[in-house]
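Engineer: Got two chains here, each in a separate frame; can you build the complex from them with the hints?
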Amino acid sequence: MSRLAGLFAELAQKNRKALIPFVTAGDPNPDFTVPLMHAMVGAGADIIELGVPFSDPMADGPVIQRASERALAHHQSLRTTLAIATEFRKTNGHTPVVIMGYLNPVEIMGYEKFADAVQAAGVDGVLTVDLPPEEAAECAELLKARDVDPIFLLAPNSTPERVKIMDAIGSGYIYYVSLKGVTGAGHLNSAEVETKLTEIRANTKLPLAVGFGVKDAETAKIIGNLGDGVVVGSALIKEIEANLQNPAQAKQAIIGLLTSMRHAMDN
Amino acid sequence: MTEKYNMPDARGHFGIYGGIFVAETLMPAITELNSAYQHYMNDAEFVAELDKDMQHYVGRPSPLYHAERWTKELGGAQIYLKREDLNHTGSHKINNTVGQALLAKRMGKTRIIAETGAGQHGVATATVAARLGLECVIYMGAVDVARQSLNVYRMKLLGATVVAVESGSKTLKDALNEALRDWVTNIDDTFYIIGTVAGPHPYPAMVRDFQAILGREAKAQCLAQAGKLPNALVACVGGGSNAMGLFYPFIDDADVKMIGVEAAGDGIETGRHSAPLCAGRPGVLHGNRTYLMSDDDGEIIETHSISAGLDYPGVGPEHAWLKDSGRAQYVNITDDEALGGFYALTRMEGIIPALESSHAMAYVMKLAPTMKSDEIIIVNLSGRGDKDMQTMARREGIEL
Ligand SMILES: Cc1ncc(COP(=O)(O)O)c(C=O)c1O
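Protein chains in written order, with the numbering used here: chain V, 1 to 267; chain P, 1001 to 1400.
In isolation and in its complexed conformation, chain P is listed as follows (with noise of 0.2 Å):
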C-alpha cells in the first residue's frame, strides 16, 4: 500500500458502508456536529485541552505492559496488553466521552444523553457530565439494567438519570433508538454522546478519531520496549471502538496483523451470538450502513452474548470496510471460551479484566501458541472486570 489509508469521503462512506441515514427531523443536528466536530479536530485550543485532560483526567498514557507469565505459559508470541482498564471508569470508553463532552460544551450543550450496554459508557459519560455540570441521561435496556446493575448505582451517584428501556429485546440496540428518539425530540440542547464507533457520520469517524489515542500510545511504546512494530494487534469487537482505536494508526504498516474479536455467545451455529462480521449481512440500522443480523424480511435479530458491552446487533461502518478489503480479520469467540480468558489473565496475571475484553484474551490463547517466541501481540484490554462481579459471582453459585 503506497497511498495513505484515508477514509471515510466527506460524506462518511467507506466503501458502500457508512454513511447518513436518518430521519429528516435529525439531519440539522447531525450538520452541525459535523462542522463543530471538523473544526475544532483542527483547533489548536481544543486539541491542547483534550490532550491535558486524557493526561491529568484520564489518567493517560496507559501502560503497555508485557505479560510475561502468560507469554510463558502460552508458549509463543510475545503478549503485551495495553492496559485501557486502568483508566479513570475503568475502560477505553472515557476516551471517547472526554472529547465529545468537550465537544458538547463549545457547541454550547446543556444536556448530555447517551446510550449503554455494559453501563461502561454510560458510566464515562455520567462522569464526564458531572464534571462538566451538564444533565445528563443515559438510556439503557431493562435486561442490561438487570444485569449490570453495579454501574446503574455509578450512573445515579454521578448524578444521571437512567432510563430502564423496554421496548423490544431491552438490550443496546433498543437503548440506542431510544436516545435517537430523545435526541430528535430535543435537538436544541441537547448532545447525544454514541458511545462507539456507529451510528451516522460523523460519529464513527469522530469516535475512532477520540479513540486512536491508545492505539498511537500502543505504537510509540512498543517501538520503544521491543523496538519493533507488533505481528498482530487484537481487539474484543461490539460495536468496535476499542479496535478501531487500536487498528487506526496501523492500517499503513501492511505487515501489522489486524483481528477484530466477535462474541459468538452460545456458538455461531446456534444462531445465538453477536457476530454480525462473521455471521451477518449488509444493512442499514442506527443511522450507517454496515454488517447487521437480520433476517430474511430486514427485521434485526435478538443477540446474545454474556457481556452486555458485545451484545449489539450492528458493527461500526469501518470495520465492514476493512473486513471487505481484508486489511482486517474478525473471528469470533464462545461465552464459554471467554470465561476462559477471564481467569486465565485473573490467575496468569492477577489483572481482572472485563467481559468484553476477555473475548480478545481468549482468541489470544489460540493465536500466540501458533507464533514465534520473537512475533508480538498487542492485545487492547479495553475494561476492568469489577462491573461483572456480580455476573461471574452468580455463574459459580454465588449471591453477592
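The following block holds chain V by itself, in its conformation from the complex (with noise of 0.2 Å):
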C-alpha cells in the first residue's frame, strides 16, 4: 500500500480529515521550505502539497504566480524541489509528499528519469496540472510501477464520464477545485461543493481532497465536513508575501493559521 493509502485508510478508521498545506519549494529562498515542512507536520499536517516553481503558472493566480517568481529567483527547479523532499524524508518517514507543478520540466527531464527520481526522494505522489488523464497515460503507469500515486484533478464542471476517467487511472486522492477559476480565487460555496462530492462519490472510492478558497479556521472545518482532505495554499503563501523580510515571522504565521485549522477540523 502506498503511503498515501495508508495514510487515508488510518484517518478514515479515526474519523479524522487530512489537512494538506501547499507551499512553492525555495519560497522565499530555498532554506526555508525543510524546516517548514516539519513545522508544518507539528502543527498537524497529514500530507505536504511542495509546489514546483514553472516560469509560466498558467493554473494558478496571482499569489502562487510571484511565490513561483520568487523561488526561480533562487533558480529553484524540479530536481532542487525533489532534493527538498530527499531532505524532509530523512527525518520524516511517515507525512506523504505530494509534489505539484507543470508538466514541461516533466518532458525535459524524461518521463521515466522523472519517476525515478520522484521515487528515490521519497514522493508519494505528483500532481502535474496541466497533464490531463488522455495524455497521461504513460507518466501514470511509470508512477504506479514505482509506487507513487498520480494524482488528478476534478473540478465543478466535471462530468460523471471524467470522474470515472480520474477513477481509472489516478490512486491515492482526488484534488477537487472547489471553485472554477485560478488559485487564490474568490469564494467558497459549501451546499455546491457537497452535491459536487455526493455526485463525485458515486464513481469513485478515492479520497476526495478539496482545495481553492480554503483561507481560515472557519472554511478548514466547513469544507473538512465535506471532503476526506483539505487542501490550503495561497492562505499560508500569503503570509510568506507578507513576511518576506523576516522568514522566521512568516513561519510562525502559518504555524499559528494551520493549528488553528486542525483544531477547528478535530472539533
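The hints are simulated quantities; they were obtained by calculation from the structure and are not laboratory data. Careful: at least some of the hints might be erroneous.
Unchecked claim - Not close to chain P: a few residues of chain V, all C-beta gaps over 12 Å, as computed:
1) H75
2) N92
3) L103
4) P105
5) A191
6) T198
7) A242
8) A248
Unchecked claim - One side of the interface only, derived from the structure: several residues of chain V facing chain P at Cβ under 8 Å:
9) L11
10) M58
11) Q65
12) M109
13) D130
14) P132
15) E135
16) E138
17) L142
18) A155
19) S158
20) T159
Ideal Cβ placement from N, Cα and C applies to all residues, glycine included.
Structural biologist: Here is the structure:
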C-alpha cells in the first residue's frame, strides 16, 4: 500500500480529515522549505503538497505566481525540489509528500528519469496540473510501477464520465478544486461543494481532497465536514509574502494558521 | 506521397505533437468548443456566412501580386506577394477572428477574450467583437503595450478593454497565460479567440482551417497568373498561423517547397532569439506539445525579437510535425536582416511590410537569387507596417 493510501485508511478509522498545506518549494528562499515542512507536520499537517516553481504557471492566481517567481529567482527547479523532499525524508519517514507542478519540467527531464527521481526522493504523489488523463497514461504507469500515486484534478464542471476516467487512472486521492478559476480566487459555496462531492462519490472510492478557497479555520472546518482532506495554499503563501523581510515571522504565522485549522477540523 | 495528408488525429495529435494539455477546469470548455467546431465547419449555413464575411468585410480575395521590380533587382526566381496586408485591419489575423467570432456567436457566448503580441490579433479580435456587439477583453504583455501603443489605442477605440500583463517576461506568452486564467474563471459566457495555430486541440487545426483560405486563393491565383504551381512558399513563423494558412493547401503537392522563417533576434548564437524550431526542443506549453525554448530545468526561456508578433517561445504543433517529417524547412532571420527586408520592399515596391512579414522578405532576398528565373516563390506578406512606424522611427532617432 502506498503511504497515501495507508494514511487515508488510518484517518478514516479515526474519523479524522487530512489537513494538506501547499507551499511552493524554495519560497522565499531554498533554505526555508525543509524546516517549514517539519514545522507544518508539527502543527497537524497530514500530507504536504510541494509546489514546483514554473515560469508559466497558467492555472495559478497572483499569489502562487509570485511565489513561483520568488523561488525561480533562486533557481529553484524540479531537481532541487526533489532534493528538498529527499532532505525532508531523512528525518520524517511517515508524512506523505506530493509534488504539484506543470508538465514541461517533467517532459524535459524525461518521464522515466522523472519517475525514478521521484521515487528516490521519497515522494508519494505527483499532481501535474496540465497533464489530463487522456495524455497521462505513460507517465501514470511509470509512477504507479514505483508506488507513487498519480493524482488528478476534478472541477465543478467535470462530468460523471470524467470522474470515471480519473478513478481509473488516478490513485492516492483526487484533488477537487472547489472553485472555477485559478488558485487563490473567490468565494466558497459549501452547498455546491457538498452536492458535487456526493455526485463524484457515486463514481469513485478514492479519497477526495478539496482545495481552492480555504483560507482560515472556519472554511477549513466547513470543507473538512464535506471532503476527506482540506488543501490550503494561497492563504499560507500570503503569510510568506507579508513577511519577506522576516521569514521566521512568516513561519510563525503559517504554523498559527494551520494549528487553528487543525483545531477547528478536529472539534 | 500517395496518401492524402489528414493531420491531426481525433485527439489533436500531429505525430507526438499537439494534443490537449490543460488543467481539468478547462476540459469541459475545450470539449464544447471542439464539438461546435466539428459541427459548424460542416454546416452549409455557417460556411456561407463565413464566406460572405470574408468577401465583404475582410475584403477577400487578397491579391497575389507579382513584384516585378524586386524580382529583377534580386535576379532570380519570380517573386509573388500574397497581400494579406490589404485585409481589413491590416493583416491575416482577421481571417481567424472572423471565423472564431462567428463560432462564438453560434455557441451563445457573450464575452470574447484574446491574447496579443504585436496587437494585430488584438485589433482583429476587437474589430469583430465590436461588429457582433460582444464584450471584449484583450491581454497584452506590458512590454508589448509600450512598443505597440498605436494598436493599443485602436483596440480601445473599438471598445475593448486592454489589460497590460505584468507577470513573467511581460510579452506574448504571459498574455496567453493571463487569457487562459481569465477563461478558466469565466468559462460559462466566455469564448477565447487564440490568435495562432497553437494552444490545445482544436485550436491548431481550427485556426489553420480558418487561415487556409489564403493558401487556397494563392494556389488558384498562381495557377491563373503563371500557369503552374510555385516552387517555394515562404512565410514568417511566430505561432505559425500565416505560414500554416499558406502551406496547408499545398501539403500534398510534394514539389512545392515550404519554408518557415523564424526570428533570430540578435542571432541564434547569442541565445537572444525566438526560434524554437531552429534552436529549441520538444516540450509542453500552453496546451500542446511542440518545439519550445526552454532550459535544462524545463523553465521557459525569455525570447527576443524586434517584432512583437514573433516574440513567442513556442510554435504551432503542426509546424513541429512538418519539421520532423521533413515536409517543411525552417530557417531564421536576425533583427538586422529583417530590417533589410523591411526597407527593400518599401523602396522597391512601395509596400511597407510589418516587421513580422519583413523576416519572410529578408529570407526571399537570400533565396530568390539562388533560383532560376522561371521558378516561382510565393511569399506571404502577412501584414502591413503601419503599426511599426513608431518602432522604426525611434530606431532612426525620430520621435513621432
Ligand atoms: C503581420 C503579422 N505577421 C505574422 C505574425 C505572427 O503570427 P503567426 O506566426 O501566427 O502568423 C503576426 C503576429 O502578431 C503579425 O501581426
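Engineer: If you check each hint against the structure, which ones fail?
Structural biologist: 1, 3, 4, 9, 16, 17
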